[in-house]
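Chemist: The listed protein sequences derive, respectively, from chains B and X.
Using the numbering used here, the letters of the first sequence map in sequence onto residues 1 to 475.
Using the numbering used here, the letters of the second sequence map in sequence onto residues 1 to 475.
Think of the hints as simulated: they come from the structure by calculation, not from any bench.
Check each hint, because a few of them may be wrong.
Pairs count within a copy or across copies, as identical chains cannot be separated in the list.
[Said to hold, decoys possible] Once the Cα atoms are required to be at most 30 Å apart in a straight line, the calculated DSSO-like pairs of lysine-lysine come out as:
1. 355 <-> 288
2. 355 <-> 298
3. 361 <-> 385
4. 99 <-> 243
5. 288 <-> 353
6. 413 <-> 426
7. 217 <-> 99
8. 339 <-> 413
9. 232 <-> 426
10. 385 <-> 435
11. 186 <-> 162
12. 143 <-> 435
13. 162 <-> 298
14. 385 <-> 446
15. 339 <-> 298
16. 413 <-> 368
2 protein chains.
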Amino acid sequence: MISVILAGGSGERFWPLSRESHPKQLLNIAGEKTLIQQTVERLLPLTPIDRIYIITNEQHAFQTLSQLTPYGFSPDHLIAEPVGRNTAPAVALAAELFKDQPDEIMAVFPADHVISDPDTFHATLGQAEAAARQDYLVTLGVKPTRAETGYGYILKGGALDKLDNAFQVGQFTEKPDRETAEHFLKQKKYYWNCGIFTWKVSAVRAELEEHAPKVIKPLANIESHLQSAKGKFPFRVFNDQGKKIFESLPSISIDYAVMEPSKNAAVVPTTMPWNDVGAWSALDGISKTDGDGNVLSKNVYQVDCTGTLVKADGRLIGAVGLRDMIVVDTPDALLICPKDRAQDVKQLVAELKEKQRPQIKLHTTVQKPWGCYTTLEQRDGYLVKRIEVLPGESLSLQSHQHRAEHWLVVSGKAEVECDDKKMILKAPETTVIPKGAKHRLANPGKELLILIETQLGDILDENDIKRYTDLYGRA
Amino acid sequence: MISVILAGGSGERFWPLSRESHPKQLLNIAGEKTLIQQTVERLLPLTPIDRIYIITNEQHAFQTLSQLTPYGFSPDHLIAEPVGRNTAPAVALAAELFKDQPDEIMAVFPADHVISDPDTFHATLGQAEAAARQDYLVTLGVKPTRAETGYGYILKGGALDKLDNAFQVGQFTEKPDRETAEHFLKQKKYYWNCGIFTWKVSAVRAELEEHAPKVIKPLANIESHLQSAKGKFPFRVFNDQGKKIFESLPSISIDYAVMEPSKNAAVVPTTMPWNDVGAWSALDGISKTDGDGNVLSKNVYQVDCTGTLVKADGRLIGAVGLRDMIVVDTPDALLICPKDRAQDVKQLVAELKEKQRPQIKLHTTVQKPWGCYTTLEQRDGYLVKRIEVLPGESLSLQSHQHRAEHWLVVSGKAEVECDDKKMILKAPETTVIPKGAKHRLANPGKELLILIETQLGDILDENDIKRYTDLYGRA
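In isolation and in its complexed conformation, chain B is listed as follows (with noise of 0.2 Å):
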């Protein structure tokens, strides 16, 4: 079996803690590790690391490979979309791909769902992949719960022979509204539409050639577009011919484009706990409590708090009174909502959005394939960042037209090349990079390197950079 999982994810419904640069699959809010390591980890005992796949965007790919390289992952099992097009085109390029091992059994998930039963996950999983043998493109139906209007609902049709606990799909039915929602719910053959999928890569075509031609046929010589990214993580990105192509597929889900008109759809279902992490209410059902009903991070202080969750990243937070609410403090941004207004976040992210407010793109800790960098401090005529460069790797050779750095290391040992000088600084040694200067900054070390940057000019921008080489592709 191939796993494919699709991490497309937006970073809106959980700011300030996912932003555009970083989101949710990659945060770790339902646990130690992130979504897509637990969505790795929870695939590993049926299908071993190097049959899984991921697609994914560009903005994203080098913190994913960095998630996931402990586990071995591969680059070159990461294929990074030029454009978000929902889920079909992401399907149908995994099936474009795989194509040459049609009987082959590929089973899709998303990056960002918590599933905290793996036995169950594995069982369900089984009688999945058997029905998908059979030809059918087998969705997962989880019993629902509760009576949730913001899921879609598959109604359970005649069982399937020769098959255990594998049926045929009597109906799809689109978010409800709260009365049908309750009905469902009563009637026991209805089951949550989980966005789990199985099929024969060949069966997946065939149905996409048939309902869905303007998604798959335009990708029928894909792999030809495909190619390595440049540098040290050589992930699998589109030449331009392939992004033209890539770009021009309608945005659809592959619930529309093929699973509702197919004859061949089967639901298999299953009672694992399954929760999408929609918003921030939704971990309530995740996270460990204390006897109130509070879910609070180090540093956190309070006074008579009930059902409420503080995710705090240092900060001391003092909370008194509050009820059924959340808070989410970053260095740059905080949040603040009752539970039950959990999805309105979506309008405040559209207003900042509007408004472009730099909160929404980056984190004030920015990850970089070399480490990351922190904005401690910008205001006129200066900006104070704190670098991290992880050990053997190396920022590009560049340079800055408006700016000139002053770097102090206050730990580990660097190597600065500058114009045509080269040396090595350890703590408490600094250097300056006048402006127009060709530099680059590397660890040559086995600790962190830390320094602090001081910039200084008028216009101090992340945009002023030329590139001339670079470690991973970016010159």
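Here the structure of chain B is known, so what remains is to put chain X in place on it, guided by the hints.
Modeler: Quick look at chain X alone, frame taken from chain B:
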């Protein structure tokens, strides 16, 4: 008339904006000016600045002076108590200092209340002054607008002869229960005790000697134990003997010590809008709200909030669906609390004190007589600060046992003395102060000097300082 402002605030109720180092009267929570600035401005039409005195404690002296210098306030009109001993010792101290002017009228004001109608305030004080000239101990009684259980009440007795709007005091009542407070409100002859008093120096001394000899007798020669603080800001401090005397005084209020037992107490009722700004919720009566009753700082984005106060320090705050909440954000600490629980901030602060959280004492920006510093980041082995030195000011000549300091000028001109070297630095020049070096930083220019200091060492502690000479008498 002499005005004495009692500025003994402890900085608890308005945490996290107030800190032990930065109590309520020094905050601009009710307008552009700080509360003590507003108090002084309110008095100026009645008392020239050279007839205004302030009693505060040593810790707050520099900041109080720096806030009042623009009004021409003279440092020697500030008397710094070595410890807080409530209002009776402070009043007795003032009365002793002015005992050679026995017929002078002395008025006493809290530093941290808001009175939004200065005309009525001035008219009321005129009536109080007239009564004081007849040897009464006069207290202002504010007409209640609600059945407040948090204030003391004064029962108005018979009208006093030949005086306009002055009455005998029938009775003082400490904070009443709800039922009593409602009765008082209906009765229309009870008034709030707002802590503003007017009396002849001779009268208050006589009453103190009669009813509170333990408070005033030890202060008989206190003037001989006061001296000018050393350095550039010669406010008045106690010598060691004076400190012992003051510390030995009982901690009691002037109401309890004198007003209640006195047979000469009078009340001047007033309708002036008075607010003791006792808790965050008290800002409701003072601040301008938007159409939904919200008071929101810049950089607050909200969806569907009502009656909510968000005080932010520049970080982006997203508030969704909040009802009657208080949110106060500072760089190192955040408070969230429903308005009707604002009194319980005290409980939170008590816990933070017990746990010795530094956020109780100092802000990340710490005011100093020479300017201020702001901690940008502290991590293992290093600490990054922004240091701002005012034109013409200078830090002490000092050394540190455990740390080296690295200075980078980002704005203005620095005069640096380090062992036997002297130099002038401008942006982006740097210097390193080695461990143990005797050094001094000064601003010889006319612009603000800003530098980024990175401290390096195993122990990074404000107490690791040896001062040799200091402009402000701190050596």
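Chemist: Evaluate each hint against the coordinates.
Modeler: Verification of the supplied hints:
Taking CA atoms no more than 30 Å apart as the test, residue 355 paired with residue 288 passes between copies only; the shortest distance there is 24 Å, against 36 Å inside one copy. In this assembly of identical chains, residue 355 and residue 298 lie within 30 Å of each other by CA distance solely across copies; the values are 13 Å between and 32 Å within a copy. In this assembly of identical chains, residue 361 and residue 385 lie within 30 Å of each other by CA distance both inside one copy and across copies; the values are 18 Å within and 27 Å between. For a Cα distance limit of 30 Å, the shortest separation of residue 99 from residue 243 inside one copy, 20 Å, qualifies, whereas the shortest one across copies, 90 Å, does not.
Taking the shortest alpha-carbon separations for residue 288 and residue 353, only the inter-copy value of 28 Å comes in at or below 30 Å, while the best intra-copy value is 33 Å. For the identical chains of this complex, residue 413 and residue 426 are neighbours both inside a copy (5 Å) and across copies (28 Å), given an alpha-carbon limit of 30 Å. In this assembly of identical chains, the alpha carbons of residue 217 and residue 99 lie at most 30 Å apart only when taken from the same copy (13 Å versus 101 Å across copies). With identical chains, the CA atoms of residue 339 and residue 413 are never at most 30 Å apart, being 47 Å at best within one copy and 52 Å at best between copies.
In this homomeric assembly, residue 232 and residue 426 come within 30 Å of each other (Cα to Cα) only inside a single copy, at 26 Å, whereas the closest approach across copies is 41 Å. Within a single copy, residue 385 and residue 435 get their C-alpha atoms as close as 17 Å, and across copies as close as 25 Å, so both meet the 30 Å cut-off. With identical chains, the CA atoms of residue 186 and residue 162 are at most 30 Å apart within one copy only, with a shortest distance of 29 Å there and 85 Å across copies. For a Cα distance limit of 30 Å, the shortest separation of residue 143 from residue 435 qualifies neither inside one copy, at 62 Å, nor across copies, at 67 Å.
Taking the closest pair of Cα atoms, residue 162 and residue 298 never come within 30 Å of each other, the shortest separation being 53 Å inside a single copy and 66 Å across copies. For a Cα distance limit of 30 Å, the shortest separation of residue 385 from residue 446 qualifies both inside one copy, at 22 Å, and across copies, at 28 Å. Proximity of residue 339 to residue 298 under the C-alpha cut-off of 30 Å is found in both arrangements, the shortest distances being 20 Å within a copy and 25 Å between copies. Within a single copy, residue 413 and residue 368 get their C-alpha atoms as close as 19 Å, which meets the 30 Å cut-off; across copies the closest is 36 Å, which misses it.
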